[in-house]
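Asker: Chain residues, written in single-letter form:
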Amino acid sequence: MRVVLRTPEKEERELKGPKKVREVLEELGVVPEGVIVARGDELLTLDDEVADGDTIEVISAVSGGAR
Amino acid sequence: MRCAVCGRKAAVEVRRQGRAFCPEHYLEWFEHQVERAIRRHRMIEKGERVLVAVSGGKDSIALWEVLRRLGFDATGLHIQLGIDDYSRRALEATRRFAEERKLPLIVVDLKEAYRLAIPELAELTRRRACSVCGLTKRYVMNRVAVEEGFDVVATGHNLDDEASVLLGNVLHWQTDALVRQGPVLPAKEKLAKRVKPLYLLTEREILAYTLLRQLPYQHEECPFALGAKSLLYKEALNKLETAMPGTKQTFLEQYLKKIELVLQRGLSAEEVELKACERCGYPTTGEVCAFCRTWDHAYRWAKRKGRIPGEVRFEAKPRLAFYPEKKEGGAARPAPAEEPAG
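Keeping their order, the protein sequence lines are chains C and S. Counting from 0, one number per residue, gives the positions in the first sequence under numbering that gives the first Met the number 0. Counting from 0, one number per residue, gives the positions in the second sequence under numbering that gives the first Met the number 0.
Derived from the structure by calculation, the hints contain no laboratory data. A hint or two may mislead.
[Stated by the list, open to error] List time: in silico DSSO-like cross-link candidates among lysine-lysine, alpha-carbon distance up to 27 Å: (1) S:Lys-189 / C:Lys-18; (2) S:Lys-189 / S:Lys-316; (3) C:Lys-19 / S:Lys-8; (4) S:Lys-238 / C:Lys-18.
[Said to hold, decoys possible] The following residues of chain C were derived to be distant from chain S, with all beta-carbon distances above 12 Å: (5) Arg-1; (6) Glu-11; (7) Arg-12; (8) Leu-14; (9) Lys-15; (10) Glu-22; (11) Glu-26; (12) Ala-37; (13) Ala-50; (14) Asp-51; (15) Asp-53.
For each residue, glycine too, the CB sits at the ideal point set by N, CA and C.
Chain C with its partners taken away, still in its complex shape (with noise of 0.2 Å):
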């Protein structure tokens, strides 16, 4: 499977599938809480299942500075 990382800046990994999302985060070494995961316009649950030609994108939720 393909995965956008977005946390914020771009980059792309290529892991094997299938996977339960909450798999993935473990093996890439994200925190669940910090991020949302989206299969193009759906997203995902940490249960759901990633087959391995899917495309899935790990965006940030996080911002800091002066707010």
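Got chain C; can you put chain S on it based on the hints?
Answerer: Leaving out everything else, chain S in the frame of chain C:
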């Protein structure tokens, strides 16, 4: 995982509540949370005019969208910080959002208004960009609200912002800052009421809302935020939250409920009276407010370095641009009385 309302496949989990929702019911849940926070804390009363501070990021864009959907009279205020392409793209996202929904927007361009942008202000005062940026934004927001007749300023501060600020203030025992953590800061003379309607929603939940509503927002991070302490605190809290869902909410809510009032009472003896700044007339605890002091300092150095002509004096009143353009007077303004022919 199934939607807690309709049983369809879930799209977003709200782990701190042990629930998940399909897209339709998530949007409903989210907007209801904001409405409940506004009602519970009487943030915005019926008929009040709201000035929404809009950076172009997900939080402020989501806030403006929810306020619009809830039927509030909400005008956006965008402050152009002058941080190269980052700021240009922030304005683009904000204007696109406003134009698509025909919402009124006020823009203050710091470089146009005050001759200096945030990077130069930080360099000339030798202070961190986030520090002078926060100070400037708070001043401009308040001044625009007071002078343009808004009843309340709404900002997109979320649960992660509030919990991480609380953590930072507790780690350093910043008691003066701790007593100002609440979701509502009441109005005072020349100080507009400030509210945070998203204060109990996490950044993740807000991002899910902007994605599901397909709102245009600026995803990139401010270049000056890299390495900011707030990001470290957020990361630490998110690790705790993943292991113990609900930690951030409990930390903030229980502080507000149990500790803040006690602190406020205990510190009331130390409370300093506000007076008018000698330079701009806006409230301050000293003779000259921090905003005027900072910008005067930057002007002194800018003049020494030949970037600003020596005779120019810093004027704190911001210049505003209105979108769509504000019609001055027009037909509604009464014609001046004519001198009697004599």
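Asker: Does each hint hold? Answer for all of them.
Answerer: Against the structure, the hints come out as follows:
1. S:Lys-189 / C:Lys-18: violated, 57 Å
2. S:Lys-189 / S:Lys-316: Holds. Lys-189 of chain S to Lys-316 of chain S sits at ~14 Å (cutoff 27 Å).
3. C:Lys-19 / S:Lys-8: Cα-Cα ~15 Å, so holds.
4. S:Lys-238 / C:Lys-18: Since the Cα atoms of Lys-238 of chain S and Lys-18 of chain C sit roughly 22 Å apart, the hinted pair holds (cutoff 27 Å).
5. Arg-1: holds, 19 Å
6. Glu-11: Non-interface label stands for Glu-11 of chain C: nearest chain S Cβ at 16 Å, farther than 12 Å.
7. Arg-12: Check passes; 19 Å lies beyond 12 Å.
8. Leu-14: holds, 20 Å
9. Lys-15: holds, 23 Å
10. Glu-22: Per Cβ check, Glu-22 of chain C is outside 12 Å of chain S; nearest 14 Å; holds.
11. Glu-26: Non-interface label stands for Glu-26 of chain C: nearest chain S Cβ at 15 Å, farther than 12 Å.
12. Ala-37: Non-interface label fails for Ala-37 of chain C: nearest chain S Cβ at 7 Å, not farther than 12 Å.
13. Ala-50: holds, 16 Å
14. Asp-51: Asp-51 of chain C clear of chain S: closest Cβ-Cβ about 21 Å, beyond 12 Å.
15. Asp-53: holds, 16 Å
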